[in-house]
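Undergrad: Below, each chain spelled out in residue letters.
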Amino acid sequence: MTSASTILKPPVAADHRDSLSTTLSRMLRNGGLMAAVVLYTLYSALPFLWIGTMSVRTTSEISANHFAWPETFHWEKFCIAWVDSNFAQYFWNSTLIVVSAVAIVTLLGAAAAHCLARYNFRGNRLVYFILFSSIVFPPQIILISLFQVLVEYDLYNSRLGLMIVYVSLQLPLTVYLLEGFFARIPQDLFDAAKMDGYSDFEIFWRIVLPVGMPAIATTIILNFIQLWNEFLFAVVLLSDQSARTLPIGIRAYMGDYFQDIGMIATGMMIAVIPVVVLYAFFSEKLIQGMTAGAVK
Amino acid sequence: MSDPSSGAAAAMRRTLASWLSAPEADSRRASLPTVMLFLAPALIVYAALTAYPVLRTFYNSFFNVADLASSEFVGWTHYAEVFKDKTFWAAVRNTAIWSVIGPVLDVVVGLLLALCLYAGVPFSRFLRVAWFTPVLLSYVVVGIMWVWIYNYDWGVVNGLLRAMGLGSWAQAWLGDPRFALGSLIVTHAWKWAGFNMVVCLAALHSLPSEVLEAAELDNCGWWHKLTDIIVPMLWPTLLNLYILAFIGKMKVFDLVWIMTEGGPVWSTETVSTYVYKRAFNWNTFDLGYPSAIAVVWFFVVVGFVVFFNVLFRRRERMEY
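Chains as they are written, first to last, in the working numbering: chain A, 84 to 379; chain B, 1121 to 1440.
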């Protein structure tokens, strides 16, 4: 145990971390903490693994034993869910709505953030405060009247309607994250560009967007995951089956076929896989975005 | 001058003045058309889909909005009704319990996990991913998963209790008013602990090394190191996390709606689910009354945000 933990410990720079890590790894070796770590890992990861195994088992197999490892992997369940249970429709609705909302909110948010970070004008901080403050609003304060507005403009129950609502939902966070980053781009870059005869718009398009790409990528991933998982606005603003997003589709499926837990699990995996893939590739960026502003 | 209230007023005037202040540096000056080129699209979206709906909810709250074509002015009737509404107060109570207890659970578990990773637990790279994964899952997935975990007949919780010979402790976790709210709080903490862990870990890594080295030289025990050094130094982060979680819990909807729809007998009703029910689920055909609840709750949440900001004199912005 001792040797294993020292061998497997990732290389740590010989700095201040050693002082703390020696005391804590001493505790690790005496087993108590290690047991807690193992237990918490089981608690945190097993439910997900459980759904994973259920997604490739048939419902009758699951009812026979809810926790068995799949004897044969029924990958065809993904095809059945995709085709017969309408998850393909929900998946494409989610993709269409979320991808276009993220694209638009990134562009609008970046433009506004650039303006607020770069230019001095009367009311700058006031506009920033107004745009940002809505992040604390409870969703119901806009939900009920958004429903009315969308009905009035024939956007209720349409993918376009939900898409523009998603743009407005993610706008404050996008402006907040990008403003902070854009404000750190050195002013010299802009002065030089101006001397080269760039217009204000060219500066934004050809300098801020490329230079700000790391931060923009962060907001894209964060916005994508939040909107992909969004439930409340979708459940209120969509009722038509053909417009449902994945979370609404899964929930509706659960309501109609609550006995068919095997197929529900398959649908859940379809919703989860894109997020997990994104996380696998961009975990650092996602975490940067999520922790921005929270670390003091 | 020594009067604190005049100091606060002066500070507020200064803040207002800085918001409205004229440009100072030349190269950063911009004409109105330039500013509008960048700002207008965002402002239009904000005005149409945030500001206008907020005002309209305020407006609605003074009417019976039976259908979209007709509405009838009722003045403050809805507000009077809200304060007499027993279900509303049950929802406030549940939301309050959740907002106070939930964040403690989130932050404490997050900090402990971060300390484990910081100390270099074996497989820490894998563990960080495993502990963070729940944050990525949607509430629908988390909710359905935990409905199954809490299932009376074959759920994991009762299964474990029975396996340990504690079968008499097995409960219908979501079906019993005594346990339903607690079960939801546990599920919510399960989802969010990983987020708090990641933030705490980032904060731990940014601690100045000298202090911990000095503590090491002084032969400081680990418990004292934790309570006398780490927690005080991380306090701003921990407080910030607590406030973030508190505000988030004031708005909690998705998980409750998916797992219990506020039941049994309003034991898990939150303000958000109650507003949703009254507006879209009860076929009462009145959007005015739920709007009034939404307005009341809006002022409660914004009030807490302002209160925290004043209390901790934080100029930093909060998420969620």
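Any given hint could turn out to be false.
As the list claims (entries may be wrong) - Beta-carbon label-pair distances, calculated as ranges:
| hint | chain 1 | residue 1 | chain 2 | residue 2 | range |
| --- | --- | --- | --- | --- | --- |
| 1 | A | 118 | B | 1196 | 18 to 28 Å |
| 2 | A | 167 | B | 1326 | 46 to 56 Å |
| 3 | A | 324 | B | 1272 | 30 to 40 Å |
| 4 | B | 1199 | A | 294 | 25 to 35 Å |
These are calculated hints, taken from the structure and not from any lab test.
For clarity, every value in this text was computed on a predicted model and none was experimentally measured.
Just so you know, even glycine gets a beta-carbon here, dropped at the ideal spot from N, CA and C.
Undergrad: Now tell me, hint by hint, if it's right for this structure.
TA: Now the hints, each set against the structure:
no. : hint                         : result
1   : A:118 <-> B:1196: 18 to 28 Å : 59 Å, violated
2   : A:167 <-> B:1326: 46 to 56 Å : 52 Å, holds
3   : A:324 <-> B:1272: 30 to 40 Å : 31 Å, holds
4   : B:1199 <-> A:294: 25 to 35 Å : 51 Å, violated
Of the numbered hints given earlier, the model fails hints 1, 4; all others are met.
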